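Since chain A is already given, all that's left is putting chains B and C on it; use the hints.
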Amino acid sequence: MFKIALRNIFRNKRRSALSGLSIAVAVMVAVYLWSLLTGIMDNLFDNTIRMTNGHVRILNAEYVKREKMMPLEANIPNYKPLERIAEANPNVTLTVGRIKFGVLMDYKGNNKPVLGTGIVPETESRISRLDQKMVEGRMIRMGQEEMNIGANLARDLGLKLGDTLTVVTQTAYGSIAAMNLKIVGIFSYGVVSIDQKTFFLPLDKAQQLLDLDNSVTEIFVFIKDMNKAPEVAKEIKASLDQVYPGQYTTKAWQDQGILFLYMGLARNIYAFIYFLVLFLASFTILNTMFMSVLERTKEIGMMKSLGMKNRQVMGVILLEAMLIGTIASFIGAIWGSGIAYYLAVVGIDFTATFEAMKDFNFPLSSVYRAIFSWGIVFFGFCMGILFSVVAAIPPALRAAQMEPTEALREL
Amino acid sequence: MNYKLALIMVLVLGTGVWGLTGEEIIEKVDDNMTYLTGRFESKMVIYVRDQVRVKKMVSYAEGRDKSFAEFIFPPRDKGVKYLKIEDNMWMYLPSVDKIIKIAGHMLRQSMMGSDFSYEDALESDKLLEKYDIKLITEETTYIKFKKGTEEVTKGRPCYVLELTAKVKEVTYWQRKIWVDRETFVPVKEELFAKSGKKLKVMTLGDVQVFRPRRGRGPVRYYPTYIAMKNLLRKDSLTEMVITKAEFDVKIPEDTFTQRNLKK
Amino acid sequence: MLLKLAFRNIFRHFTRTFLTFLAIAIGLMFMIIMDSMLTGIDQESFDRIINYETGHIKIFDRGYREDEENFPLDKSIEEPGAIIDKLKKDPDIAGVTSRINFRIMLSDGVDQYPAVGIAINPADDESVFLIRKSIDKGVFFMGNEEAMLLGEGLAEDFGVGVGDYLTVLTRTKYDTYQAIDLRIKGLLKTEDPKIDWAAVVIPLGVGQETLDMGKGVTEIDIKLKDPARLQEFRDMLAKEIPAMEIATWKDLAADVLAIAQAKRGGTTVLLFSVFLVALIGISNTILLAAFERTREIGMMAAMGLRRGQIVRLFVLEGAMIGVFGSITGCLLGFLVNIPFVKYGINWGMYMRDIGDVGYRITGVSRGIWNPTMFVIAFIAGIVISALTSIYPARVASRMEPTEALRKA
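So the sequence lines, in the order shown, correspond to chains A, B and C. Residue numbering for the first sequence follows this note's numbering, starting at 1 and increasing by one per position. Residue numbering for the second sequence follows this note's numbering, starting at 1 and increasing by one per position. Residue numbering for the third sequence follows this note's numbering, starting at 1 and increasing by one per position.
None of these hints come from the bench; they were simulated from the model. Do not rely on the hints blindly, as some may be mistaken.
Unchecked claim - Calculated cross-link-like contacts (lysine to any residue; reagent style SDA-like; alpha-carbon spacing at most 20 Å): (1) K198/B - D212/C; (2) K262/B - I176/A; (3) K176/B - D132/B; (4) K112/A - E68/C; (5) K101/B - I176/A.
This structure is a prediction, so every number in the text was calculated from the model and none was measured.
Bound-form chain A, shown alone (with noise of 0.2 Å):
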């Protein structure tokens, strides 16, 4: 049979080819779109929870009821070891501790409301990659006098890479606390909220700013998958208040912002429609393999006059299918995946349409980046076959159960 259908496939070559190129066309928008859509979906959105939020935030439970006020004295004392509570969890991959602060910028003579946010530099790589999202200058370091400050901010105070600022603000305890931190670096995510009102310093200078040795106002939990944070965070609840009862509480991220329900609203629209791309990408499939299949019912009718039997044809046909399928799909996988990679490398550049726009010196991070990943590559991959394969069958079917003379008379 194999042969058969490999005979087949050759015999018309134009023809083989064609149904192959729908298919190879096919999967390679499927691969590229959805390797941009992902780049767009985790810069703007999972990083932004990520950074922001964590999966799961642990918070002293006097936190919580003021959120809002940031009450630094409601903090979380001695928090190392409720990383490791939370840390047992099979579900986590990993905790890190945090501070925020409000601060009062003096801002040309006014107040400006800013957050201020003690991060462990080199853990929040990892987290929110605020390392590539340096749009100049580098990445603070622990144990250093500096910060990193978002691009809207910068402009909006006037500063530049290199400037110090001083950041006056509150401690826990009602006493003024300042330090003078040097700009290393400038970054932009994208997302207004953060750029225009963020700044980072690092964990242990912010302890040491505010008065809170060995503390933090919360920890960020980040777990294998995010959709089932809301349990995690139950499960976590548990263990915490096995050790320290109803003192601390946990949140996961669908319950924290409208800028996650946002983002998780997001999410479903590029689902749905690179849903809807894939429909119409199968759709073409199906057509193919049925305008194919239709041509082919000479072929058919010799077939069965040969004496082969209805499943056998359709056998053929199939195997011919996944033949085709198969190689379309790679070709498809490797164009997809060189358009993805350049995408993911190169992106596409919207530097000129923001100059474009007058009065707009936003450095909004205008290059859209897909993100390369073999994993959906050979998704790709097998989609195609297995559609090819799938839309061969009800022209297969119809085509198996013709008269062979009725076949032989087609045109």
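Using the frame of chain A, we list chains B and C on its own:
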């Protein structure tokens, strides 16, 4: 002379003789509370929710226009200095070796997390200029204050004055001040928003007598306990206790300068 | 004559025709729907800004915008009456209203939280904005009563509801402390976080009195009947009232526009991808079919048809299928778009908390009507079909008739 007319004249003249107007009362308060120079050691106790924070400072003042304060406790705040010259205020932070001008919106912030705002410190001395002062009644008012570790309640006969802004640029549209009739020391002050809502209440107590340094001169009464309560912040109270006060002492020339902030 | 032949051919190979036709119709339908959805999503966020924050055009006192972040009450429009009356008489203007924006601290006696106060004119605010229609619980205020409408998010934060009181702390125009207790008359749900999570709305009269503004306002807001004439209006107003600052919603929402621009790139890629797949689908189908008709072509050549005629025949067939396909595709697109535009897609049920997002989207996205897209799709369908038919026709017709006839 008409009998009735005579009676009226007596009453009118009589009132003129022993009754004081609102303005006059305030003027007397000013006289009492103003000094040429002063040096104070004080303690500020801030109660916020269930926390108690104690800060200690040393301050100098020259008349109304100039003052200089340095925090000496707790270690966290040690070396933080404030300078006020007329309507300007500066703050020095030793941890960053920087002088920051407190202007614009910063003035509205609370000082060191207390119930006093920077503005409060700047405005209290312009009452006559900015307000219409009316004496509305006299009553005995009871105030509670701390003397050392004891809580004392004292009843004092007071003039009750109502102040209403006569210019638009004031922080508190209305104030109500209780002035001790005998010592001309304000014992209570209520501060109101334009809508009439009460915003802050200040209580002054533990009035002590200060005899003039160089023999002659009037005796001064000065409250050494001031409590400020911001009514919009729940469970919040700030107390300022003057532990040592010296009036009309010699203060070095360069005390009220920005240079002194950095020293 | 060719036309008749083409017609007959089409119906002779009905299944093939049908498949091609289907490819075109579905492909075009997808393009239309995709475009509708993606543009709709963008449009949504602009609409939100226009309906809740900016109107189409705003008029400020000169110098206000520079200092906008600080809500400078001293840079207000002191006598807005004359301007407003004049604007109301303009037939091209759909609505005019005025507002005061001011900074407040909201307090329940325990905690204070910064928020934004918006004093709106109860009489004409709804001619420009949708505040009145966004009251989720409770009711709108009656005239200038001392009451407030509170953003839902703020209400949740303070744990208050309709009927409760909150204290609004602010400063008058002259920087005097002001504090008023206002009863919550209604809760606002606009899905614009700048309102739901940060705003307190009070009647203009109450605002003017509380802030000691007399008859002044900080802005005059205009809604146009024809939004496309934005620039034109702006220029006209700039000439008529040179002492004031005029800003269009685009000026005011520059940051959101920027993000929309950025997203446009993604949209373009998406649309292009859809187009590509559709294109391949259509052309492949045609090519496949056409190449199978070599024998037929041979016969036609044998019958005396010249090469040029054969090519033209195929193109004609392609075009005709294209026409049917395009019509159906556009029709399908039209029909499917109706529910999209009317009901949209409900993305779901995550409803909670805060943050100030630059890009505003909702739980429901609606499509839009873009006639241009329909036209493009229609033409594309026909053109692609026709053009794609040329190639196989030329190739096949080049063959010797006998060779062609021999092909099976």
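Comparing the hints with the structure gives:
Taking the CA atoms of K198/B and D212/C, the gap is near 18 Å; set against the 20 Å cutoff, the hint holds. Restraint check for K262/B and I176/A: satisfied, since their Cα atoms lie roughly 17 Å apart, inside the 20 Å limit. Restraint check: the Cα-Cα separation between K176/B and D132/B comes to about 11 Å, which is no more than 20 Å; the hinted pair holds. For the hint pairing K112/A with E68/C, the CA-to-CA distance comes to about 12 Å; that is within 20 Å, so the pair holds.
Annotation: proposed proximity of K101/B to I176/A holds, straight-line Cα distance about 14 Å (limit 20 Å).
In summary, this structure violates none of the numbered hints.
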